[in-house]
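Note that the sequence shown covers residues 2 to 932 in the numbering used here.
Rather than coming from a laboratory, the hints here were simulated on the basis of the structure. Don't take every hint at face value.
Have a look at the derived ranges for each label pair, beta carbon to beta carbon [said to hold, decoys possible]:
no. : residue 1 : residue 2 : range
1   : Arg493    : Glu314    : 57 to 67 Å
2   : Thr698    : Arg493    : 35 to 45 Å
3   : Asp716    : Val805    : 40 to 50 Å
4   : Gly789    : Val656    : 23 to 33 Å
5   : Gln863    : Gln823    : 17 to 27 Å
6   : Asp716    : Lys752    : 32 to 42 Å
7   : Val805    : Gly760    : 18 to 28 Å
8   : Ala101    : Lys752    : 26 to 36 Å
Below, a list of computed lysine-lysine pairs in the DSSO-like style, where the Cα atoms sit at most 30 Å apart [said to hold, decoys possible]:
no. : residue 1 : residue 2
9   : Lys822    : Lys783
10  : Lys753    : Lys783
11  : Lys783    : Lys752
Cβ coordinates follow ideal geometry from the N, Cα and C atoms, glycine included.
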Amino acid sequence: MPSSAHNPAGKAREPGPDDTEELSATTSPGAARHDPGVQHDLDAQHDAAAARGSGHRPPAALPTMTARHWWVPVLAGVGGYVGTVVGIVIALVLSILGLALQGDSDGGSTTDRLNDEISNATGLDTDTSGLRWILSVPFQLAAMAALVPLRLILSFGGEGASAGITVPQYFALACGILTAWLIARKLSTRMRVETRGVQWLMAAVSGLTWAALALVVTALTVLRLDVPFFASDIRVRLTALGGGLFPVLFLVGLLSVAAALNVRSTQVSPGRIVVGAERSTPGVLQVLRPIAVQFSVFGTVAGLGLLIYAFVEGGAPAGFSALFWLPIAVGWLFVLSLLSALTAGGAATSLTGLTGRSDAFYLWSEGTVPVWAVVLCILLALVSAVCAAITWAHVRPLDARVARTPLAWTVLPVTYFLLGLLALWLLRVGGYASGGMVGSNNAVFSLRPAGWTCLVFLVWGVIIELLARLVVPAFMHTLPRRVTRGLRGSERSRGRAAVVASAAAMGGAGLAGAGLAGVGTRATPAPEAPVATSSAQHPSAEPTATTAPQDATAAYSGPHAGSGDETRVLPSYDDPGATTRMPAQRAPMDPATKKRIRLIAIIVGTLILLAVLATVVFSVLSRTVFGPDNQAEDLLRSVTDGNATHAAEIANPNVSSGQRALLTDDVYGAAQNRISSYEIKDTTIDGDRATVNATVTQDGVTTPVALPMVSDSRDGLFKSWRVDESAGVPLYQALTVEVPAGVGELDVNGKKVSVDTQGQPHTVEYTVLPGDYAVGVSSSSKYVTYGGNQVAEIRAGSPSSAPVMSFQPSFTPALEEDLTKQLNATLDRCAQSTEFEPEGCPFGYSIYGDDEDYRNPRWSIQRYPTYSVSSYGNQATFTTDRSGEVRLDYQYNEEYDDEPADWTDRDTTSSVSGYGTVSVSGDELTINAND
Numbered sequence: 002m003p004s005s006a007h008n009p010a011g012k013a014r015e016p017g018p019d020d021t022e023e024l025s026a027t028t029s030p031g032a033a034r035h036d037p038g039v040q041h042d043l044d045a046q047h048d049a050a051a052a053r054g055s056g057h058r059p060p061a062a063l064p065t066m067t068a069r070h071w072w073v074p075v076l077a078g079v080g081g082y083v084g085t086v087v088g089i090v091i092a093l094v095l096s097i098l099g100l101a102l103q104g105d106s107d108g109g110s111t112t113d114r115l116n117d118e119i120s121n122a123t124g125l126d127t128d129t130s131g132l133r134w135i136l137s138v139p140f141q142l143a144a145m146a147a148l149v150p151l152r153l154i155l156s157f158g159g160e161g162a163s164a165g166i167t168v169p170q171y172f173a174l175a176c177g178i179l180t181a182w183l184i185a186r187k188l189s190t191r192m193r194v195e196t197r198g199v200q201w202l203m204a205a206v207s208g209l210t211w212a213a214l215a216l217v218v219t220a221l222t223v224l225r226l227d228v229p230f231f232a233s234d235i236r237v238r239l240t241a242l243g244g245g246l247f248p249v250l251f252l253v254g255l256l257s258v259a260a261a262l263n264v265r266s267t268q269v270s271p272g273r274i275v276v277g278a279e280r281s282t283p284g285v286l287q288v289l290r291p292i293a294v295q296f297s298v299f300g301t302v303a304g305l306g307l308l309i310y311a312f313v314e315g316g317a318p319a320g321f322s323a324l325f326w327l328p329i330a331v332g333w334l335f336v337l338s339l340l341s342a343l344t345a346g347g348a349a350t351s352l353t354g355l356t357g358r359s360d361a362f363y364l365w366s367e368g369t370v371p372v373w374a375v376v377l378c379i380l381l382a383l384v385s386a387v388c389a390a391i392t393w394a395h396v397r398p399l400d401a402r403v404a405r406t407p408l409a410w411t412v413l414p415v416t417y418f419l420l421g422l423l424a425l426w427l428l429r430v431g432g433y434a435s436g437g438m439v440g441s442n443n444a445v446f447s448l449r450p451a452g453w454t455c456l457v458f459l460v461w462g463v464i465i466e467l468l469a470r471l472v473v474p475a476f477m478h479t480l481p482r483r484v485t486r487g488l489r490g491s492e493r494s495r496g497r498a499a500v501v502a503s504a505a506a507m508g509g510a511g512l513a514g515a516g517l518a519g520v521g522t523r524a525t526p527a528p529e530a531p532v533a534t535s536s537a538q539h540p541s542a543e544p545t546a547t548t549a550p551q552d553a554t555a556a557y558s559g560p561h562a563g564s565g566d567e568t569r570v571l572p573s574y575d576d577p578g579a580t581t582r583m584p585a586q587r588a589p590m591d592p593a594t595k596k597r598i599r600l601i602a603i604i605v606g607t608l609i610l611l612a613v614l615a616t617v618v619f620s621v622l623s624r625t626v627f628g629p630d631n632q633a634e635d636l637l638r639s640v641t642d643g644n645a646t647h648a649a650e651i652a653n654p655n656v657s658s659g660q661r662a663l664l665t666d667d668v669y670g671a672a673q674n675r676i677s678s679y680e681i682k683d684t685t686i687d688g689d690r691a692t693v694n695a696t697v698t699q700d701g702v703t704t705p706v707a708l709p710m711v712s713d714s715r716d717g718l719f720k721s722w723r724v725d726e727s728a729g730v731p732l733y734q735a736l737t738v739e740v741p742a743g744v745g746e747l748d749v750n751g752k753k754v755s756v757d758t759q760g761q762p763h764t765v766e767y768t769v770l771p772g773d774y775a776v777g778v779s780s781s782s783k784y785v786t787y788g789g790n791q792v793a794e795i796r797a798g799s800p801s802s803a804p805v806m807s808f809q810p811s812f813t814p815a816l817e818e819d820l821t822k823q824l825n826a827t828l829d830r831c832a833q834s835t836e837f838e839p840e841g842c843p844f845g846y847s848i849y850g851d852d853e854d855y856r857n858p859r860w861s862i863q864r865y866p867t868y869s870v871s872s873y874g875n876q877a878t879f880t881t882d883r884s885g886e887v888r889l890d891y892q893y894n895e896e897y898d899d900e901p902a903d904w905t906d907r908d909t910t911s912s913v914s915g916y917g918t919v920s921v922s923g924d925e926l927t928i929n930a931n932d
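Build the full structure now, drawing on both the sequences and the hints.
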């Protein structure tokens with residue numbers, strides 16, 4: 002490590018009061034022991050400092066900083082904010098991808114569905130594909146990472162309303178923290194941080210940059226819209242500006258960059274504050290590690306389980322949007338699994354009103370979580386607590402110093418108590434609505450850990466402390482090295498912790514008294530101790546030298562040891578022998594005993610694990626693969642998919658084959674308004690019988706249904722369930738059709754369905770599933786029709802009375818057209834006659850007098866008559882609407898005596914009409930006319 006006795010330019014800097022505790026690399030404790038020249042320099046520094054007295058001022062941090070010390074934290078702060086925005090963009094892209102993969106039957110683009118969701122929530126028509134949305138929403142959501150609400154502000158006609166929701170975006174915040182940490186660590190590779198003051202000043206610059214940039218960008222990207230509303234516009238603002246934005250991001254940037262720069266510090270020995278804290282409260286500097294291990298173990302497993310559950314139950318939209326909700330959901334599950342509760346207040350307790358009350362929800366409340374899931378969550382919480390105890394036993398070994406310090410008992414429990422208080426803020430999801438949105442009242446809702454969570458966490462802290470002291474030491478050295486290494490941390494962090502613990506054991510700054518402030522205070526070295534490889538950090542290694550136990554008063558010897566007139570030299574982070582000054586640890590376990598304990602622990606643990614796994618697997622399989630709800634879900638899924646054949650196989654309707662004619666995939670698959678979705682609510686099991694309660698949604702209406710199940714056989718160890726047809730299946734209903742005489746085929750949903758042909762009208766009853774059935778009667782004649790299709794709306798949960806569809810025959814316009822054609826053809830045939838009274842014709846001319854006086858009759862149709870057809874039952878009649886006209890041209894003999902005949906041409910006209918009946922046989926007409 003570079004020497005701290007020089008500034009960044011390499012020039013020697015004047016020592017300050019802090020150098021009493023921090024020996025540079027050129028004057029390490031080892032060098033002070035073996036080099037008389039170095040010891041002489043220390044004595045000279047002591048005398049010079051004594052001469053200067055209290056007039057010496059510590060060097061300021063600013064003179065040691067170069068331009069690089071300023072722009073590196075600025076870039077880290079900018080990177081932190083950019084990383085937060087990138088995290089939001091990633092979450093948005095995945096969410097949109099989930100919507101695109103949903104494949105809803107309603108069609109439409111992803112943007113249209115997103116617009117519909119926003120419109121349903123706000124009542125406003127929006128277009129999220131606009132450039133303003135794209136340039137605004139990611140930055141506003143990124144601001145929510147600072148735990149500020151996203152607010153919707155409406156103004157219209159001098160009145161306003163607003164609503165807001167707070168959902169912390171921890172994934173985006175984690176992206177920002179990681180980005181800032183990596184940039185600060187990478188760009189400071191060749192940088193020297195002379196003092197802790199420089200380190201925290203750089204971290205503060207980074208925090209200010211991050212917070213200021215977020216504040217400015219969030220203000221500039223506020224979404225402003227004018228939405229048409231009747232004859233006016235509503236001004237809409239979407240913003241996440243809030244009072245907590247700047248301080249939260251400043252604190253996040255400060256801590257992130259400070260952690261990244263910690264390894265760049267040239268300080269070679271722990272400072273007085275660090276040593277004092279470790280001495281009074283042993284382990285306080287390492288207390289966050291067991292908490293981090295516990296949450297990591299729990300969060301990894303629980304997060305994976307929640308993600309799988311989201312994909313299974315919510316589909317692609319819920320699974321791909323997990324980056325928005327999964328971190329806080331894992332936090333809630335962590336709180337619940339530690340036997341605390343979530344408190345829902347305001348509108349979160351009810352969907353019908355804002356009561357303002359609050360309700361507590363436990364992991365086992367109201368049976369919403371299966372028993373096996375409750376057991377798994379609590380078991381996972383116990384396993385994570387044991388991991389935390391093992392970690393705590395490693396990072397703060399139980400030595401004489403810890404055992405005789407009463408406050409050591411309080412370090413971990415108090416930290417857990419504070420963590421519980423912090424969880425009330427970090428794990429809160431809330432919202433509000435005020436103004437015109439809720440009338441004259443304000444509405445507030447929230448969902449957060451219960452107020453007593455801090456006390457529950459305190460109890461867990463005590464439990465973990467007891468485990469670390471009384472239980473873990475018996476087996477901690479038998480764990481695999483990889484597990485131990487992962488729990489206790491890196492070699493560097495453990496080495497630095499050992500140095501701090503060694504300094505605390507020596508007495509640290511507290512024993513130096515007022516003389517600690519002077520660099521020149523004479524340092525009396527301790528007698529050199531043999532170097533041992535066995536230490537608190539390597540408890541399982543075999544020692545190569547014996548180290549005698551020593552306490553703070555025996556750490557160093559000399560004529561003034563413990564007198565307060567001399568400052569003890571603190572161990573250096575670079576001193577490999579620093580850890581040997583730790584009090585002697587528990588002697589390593591005998592290898593044979595260790596092997597035997599490890600074998601017994603493995604066997605017992607394996608048996609317990611197998612028993613738990615067997616119980617869990619049996620419970621899971623009994624409730625899912627072999628459970629009654631699984632069979633009910635298979636039935637409902639088949640109905641939803643239009644697979645009537647498979648549904649009839651699962652739940653036998655117990656009717657004749659003729660009544661099953663509509664339970665086909667072709668007919669039912671073409672039905673409109675089938676069941677579109679379903680949800681299994683709960684299952685009640687009573688011995689070999691069960692009832693699966695579910696809800697089905699059909700044509701926008703949700704209806705409860707109860708499916709009876711029975712188990713009359715077994716599939717190996719598990720009960721085999723099936724739908725109990727004897728109890729009646731509520732999904733099946735009846736449809737009755739009155740079939741006209743002579744009809745042998747029906748048209749149902751565009752598909753042909755055969756029926757028995759009978760000479761008289763008759764009824765047919767069908768068993769059907771919920772949906773709309775368009776039924777029509779097919780006619781074998783072009784002259785007869787039975788009307789259009791009639792639609793029977795079969796609804797789940799409707800009354801048991803079956804709808805009846807009746808069809809009556811009527812005649813088509815083709816009948817009138819063909820009838821007129823045939824009657825007119827008869828008139829044309831009659832007009833060809835050369836008789837005055839054609840036989841079988843509707844017209845004629847009566848001769849008065851001698852027939853020999855009339856000759857050469859010629860008929861011609863001047864106008865054809867028109868007819869109307871009416872039906873009565875199955876018979877049709879026709880009558881003349883408008884009479885026709887026929888003309889007769891003939892010759893008449895005007896001579897009355899026997900003289901030669903005098904023939905003259907004459908003509909006359911008469912009307913033509915008629916009526917009669919029509920018989921239809923297929924496509925043939927039989928006319929019975931009455932002239």
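Quick rundown of the hints versus the structure:
1. Between Arg493 and Glu314 the C-beta distance comes to about 44 Å, which lies outside the given range of 57 to 67 Å.
2. In this structure, Thr698 and Arg493 break the distance hint of 35 to 45 Å, their C-beta atoms being roughly 59 Å apart.
3. The beta-carbon spacing between Asp716 and Val805, approximately 43 Å, falls within the hinted interval of 40 to 50 Å.
4. The hinted window of 23 to 33 Å between Gly789 and Val656 holds, with their beta carbons roughly 28 Å apart.
5. Between Gln863 and Gln823 the beta carbons are some 20 Å apart, a value that agrees with the proposed interval 17 to 27 Å.
6. Checking the proposed 32 to 42 Å range against Asp716 and Lys752 shows it holds: the Cβ atoms sit about 37 Å from each other.
7. For the pair Val805 and Gly760, the supplied restraint of 18 to 28 Å holds, since their beta-carbon distance comes to about 21 Å.
8. Distance hint check for Ala101 and Lys752: the Cβ-Cβ separation is about 34 Å, which falls inside the suggested range of 26 to 36 Å.
9. Our distance criterion of 30 Å between C-alpha atoms is met by Lys822 and Lys783, whose separation comes to about 16 Å.
10. The straight-line distance between the Cα atoms of Lys753 and Lys783 is roughly 18 Å, inside the 30 Å bound, and the hint therefore holds.
11. With a C-alpha separation of about 20 Å, the suggested pair Lys783 and Lys752 falls inside the 30 Å cut-off, and the hint holds.
The structure does not agree with the numbered hints 1, 2 stated previously, though it agrees with the rest.
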